[in-house]
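J.: Single-letter residue listing:
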Amino acid sequence: MVSVSEVSRPIGIARSRRSFLRRTLGRQEFWRGCVAIVVFLILWEIGSRSGEWFGYTLPHVGLLPPPSDVAVAWSKVLMKWGYWESWYQSFKRVLTGFIAAQIIGIPFGLMLAVNKYFRDIFFPPFEVLRPIPPLAWVPASLIFWPTNEMSIAFVTFLGAFFTIVINVLGGARTIDVRYLRAVQSMGASQWDLGGRRGRRDDLGRRHAGRWRSRLLHLEFVYGRIAAANRCRHDLDRHCRLPFKHRHPHDRPQCHALAQAVLIRKTGADHAQAAQ
Amino acid sequence: MKRADASLEFNGSSGMPTRGALTIRDLVKIYDPEGVNIMAVDHCSMQITPGEFCMIVGPSGCGKTTLLNAIAGFHSITSGEIFLDDKLLCGPDKPIAAQGADRIVVFQNGALFPWKTLAENVAYGPMVQGVLSKRNALAKAHEMLAEAGLGEFGGKYPGEVSSGMARRAEIVRALINRPKVLLLDEPYRAMDGLTKSIMHEALLEIYDRTKVTIFFITHDLEEAIFLGDRVYVLTTRPCRLKKVVNVDIPRPRNYEVLSSEPFRLLVEETRDAVHEEAIKAFQLGERELA
Ligand SMILES: Nc1ncnc2c1ncn2[C@@H]1O[C@H](COP(=O)(O)OP(=O)(O)O)[C@@H](O)[C@H]1O
Ligand SMILES: [Mg+2]
Numbered sequence: 001m002v003s004v005s006e007v008s009r010p011i012g013i014a015r016s017r018r019s020f021l022r023r024t025l026g027r028q029e030f031w032r033g034c035v036a037i038v039v040f041l042i043l044w045e046i047g048s049r050s051g052e053w054f055g056y057t058l059p060h061v062g063l064l065p066p067p068s069d070v071a072v073a074w075s076k077v078l079m080k081w082g083y084w085e086s087w088y089q090s091f092k093r094v095l096t097g098f099i100a101a102q103i104i105g106i107p108f109g110l111m112l113a114v115n116k117y118f119r120d121i122f123f124p125p126f127e128v129l130r131p132i133p134p135l136a137w138v139p140a141s142l143i144f145w146p147t148n149e150m151s152i153a154f155v156t157f158l159g160a161f162f163t164i165v166i167n168v169l170g171g172a173r174t175i176d177v178r179y180l181r182a183v184q185s186m187g188a189s190q191w192d193l194g195g196r197r198g199r200r201d202d203l204g205r206r207h208a209g210r211w212r213s214r215l216l217h218l219e220f221v222y223g224r225i226a227a228a229n230r231c232r233h234d235l236d237r238h239c240r241l242p243f244k245h246r247h248p249h250d251r252p253q254c255h256a257l258a259q260a261v262l263i264r265k266t267g268a269d270h271a272q273a274a275q
Numbered sequence: 276m277k278r279a280d281a282s283l284e285f286n287g288s289s290g291m292p293t294r295g296a297l298t299i300r301d302l303v304k305i306y307d308p309e310g311v312n313i314m315a316v317d318h319c320s321m322q323i324t325p326g327e328f329c330m331i332v333g334p335s336g337c338g339k340t341t342l343l344n345a346i347a348g349f350h351s352i353t354s355g356e357i358f359l360d361d362k363l364l365c366g367p368d369k370p371i372a373a374q375g376a377d378r379i380v381v382f383q384n385g386a387l388f389p390w391k392t393l394a395e396n397v398a399y400g401p402m403v404q405g406v407l408s409k410r411n412a413l414a415k416a417h418e419m420l421a422e423a424g425l426g427e428f429g430g431k432y433p434g435e436v437s438s439g440m441a442r443r444a445e446i447v448r449a450l451i452n453r454p455k456v457l458l459l460d461e462p463y464r465a466m467d468g469l470t471k472s473i474m475h476e477a478l479l480e481i482y483d484r485t486k487v488t489i490f491f492i493t494h495d496l497e498e499a500i501f502l503g504d505r506v507y508v509l510t511t512r513p514c515r516l517k518k519v520v521n522v523d524i525p526r527p528r529n530y531e532v533l534s535s536e537p538f539r540l541l542v543e544e545t546r547d548a549v550h551e552e553a554i555k556a557f558q559l560g561e562r563e564l565a
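Line by line, the protein sequences give chains R and A. With my numbering as the guide, the letters of the first sequence map in order to residues 1 to 275. With my numbering as the guide, the letters of the second sequence map in order to residues 276 to 565.
Among the hints, a few may not be true.
One side of the interface only, derived from the structure: several residues of chain R facing chain A at Cβ under 10 Å [said to hold, decoys possible]: (1) Arg-32; (2) Val-35; (3) Ile-37; (4) Phe-162; (5) Ala-182; (6) Gln-184; (7) Ser-185.
Note that these hints are calculated values from the structure, not bench results. We put the CB at the ideal spot given by N, CA and C, even for glycine.
Input sequences plus hints: build the corresponding full structure.
T.: This is the structure:
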């Protein structure tokens, strides 16, 4: 299920990818950013060595270890197994929480987007819980979960979950009605959530079963995601999709999913209305 | 019905067109936002013959889009009937027409999916209807794009080609479904004159080959006469049929037609009818929504 098929490889995208590094190195913004980081490190170094160098210890910064000491200490732990073990453990926790948040958050957000009753029931409690910062959940999660690991993963989960749900929901709202109508007019009649059997259309062709529409639907979703990922830049440049001016947390994937599912749902609604 | 292989020729290319008669009978559409009844269409009747290139003109806000939406099944009608060939699309017991690939809308601003290549866009219809496998649909899409002079562009994304090409691809995307009617709502409205004339020629070429019925909304009278077989002039809201102008300029037509005497006379005849309605609409302060 590849969306950008063999027959049709986008030329412009390959080009823009290859030269990405060169473009970055050639950009003023990139170098300005580098200089900013270096200046920051220098100021930090001066600040924390202020007692040693000028005889007057600056408040707060003066108490921090200077970056050069940090680097030296780091080079020592680099050799130790435990250091990498910590990396591994942290990654595991974060990924567990994040993946769980996706697995639950994306379908949940989609349900909110496509079903009014679901939204009426689940959105209000969701909105009540959303403003609670993840850190505030720590005590509760220590009680909920049997192991420490689980409670840490849970807090990570919460950090990602609300953002994902909101983005999926937001994505669904940005769909252009033209796309929905285009899809409807090209074969939506068979996009069916309701378990009815295929119908005959006016050309006498028997509509394929639901499993088929599901597959096509998946293709649609993945196609949208793949395209969004591969040619973000090109889409930004050419397509006037709302990628460019979106909220920094917005994920094109979420938009994609929401759009695809909503498109499909509308099709189903129409199929039902037509009955 | 069997699928012809010559993909762009399907409506009686040998002889008279047989599919795509559109009958509108006493159509009424009343919009009712918050209890304020807006009568957009008032007992409007039309008889469009199979394979007709039918142009709908009328002042802004008179109800042209409403008419098209009713045919496409985007919204319900209040009363009246619409038939496509012998099939009742919508009527007293069925206020909203089922959407189907027999009537395909080509949108004003274009609605190619920007995340699919032109070929994938074209292949979408047959794939989603389950009539062709992905491979076959793509092959056919490439074939049809080539026929429409877009052979090299099948692998490009809509954002990478000119608006004219994208528009042409969109018509191909509609035609691959072998529709009975193409519904176009001011498709070339935002284009400059030069691009428009290229689009006209492309559309005429496609029409001459397919003889698919075309329901084309415009308010450019020269466009209407240049492209159409018949021009249906509508009254200002509520919309009714005011006048039908038969355009008996032979096909295939090209741009020389524009400077011919019969063409000028037809434009004038239509203009008189439209102008009267446009003044009424202006005085009523009609505002168009879509
Ligand atoms: N959804 C709607 N709700 C209420 N009034 C509408 C709606 N859509 C269109 N109208 C009204 O119906 C009339 C016809 O609209 P429309 O068919 O879009 O005109 P046009 O001929 O310019 O395409 C207009 O006066 C418009 O204000
Ligand atoms: Mg309109």
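J.: Verify the interface restraint on Ile-37/R: the C-beta must sit less than 10 Å from at least one C-beta of chain A.
T.: Given a least distance of 35 Å, the restraint on Ile-37/R is violated.
J.: Grab the minimum C-beta distance from Gln-184/R to chain A and call the hint holds if it beats 10 Å, violated otherwise.
T.: holds, 5 Å
J.: Please verify that hint: Ala-182/R, Cβ, nearest Cβ of chain A, below 10 Å or not.
T.: holds, 4 Å
J.: Under 10 Å is the threshold here; is the Cβ of Ser-185/R close enough to any Cβ of chain A for the hint to stand?
T.: holds, 5 Å
J.: Using 10 Å as the Cβ threshold, decide whether Val-35/R counts as touching chain A.
T.: violated, 35 Å
J.: Quick one, is the Arg-32/R hint okay against chain A at 10 Å, beta carbons?
T.: violated, 30 Å
J.: Would the hint on Phe-162/R stand, with a C-beta cut-off of 10 Å toward chain A?
T.: violated, 27 Å
Checked against the numbered hints above, the structure breaks hints 1, 2, 3, 4 and satisfies the rest.
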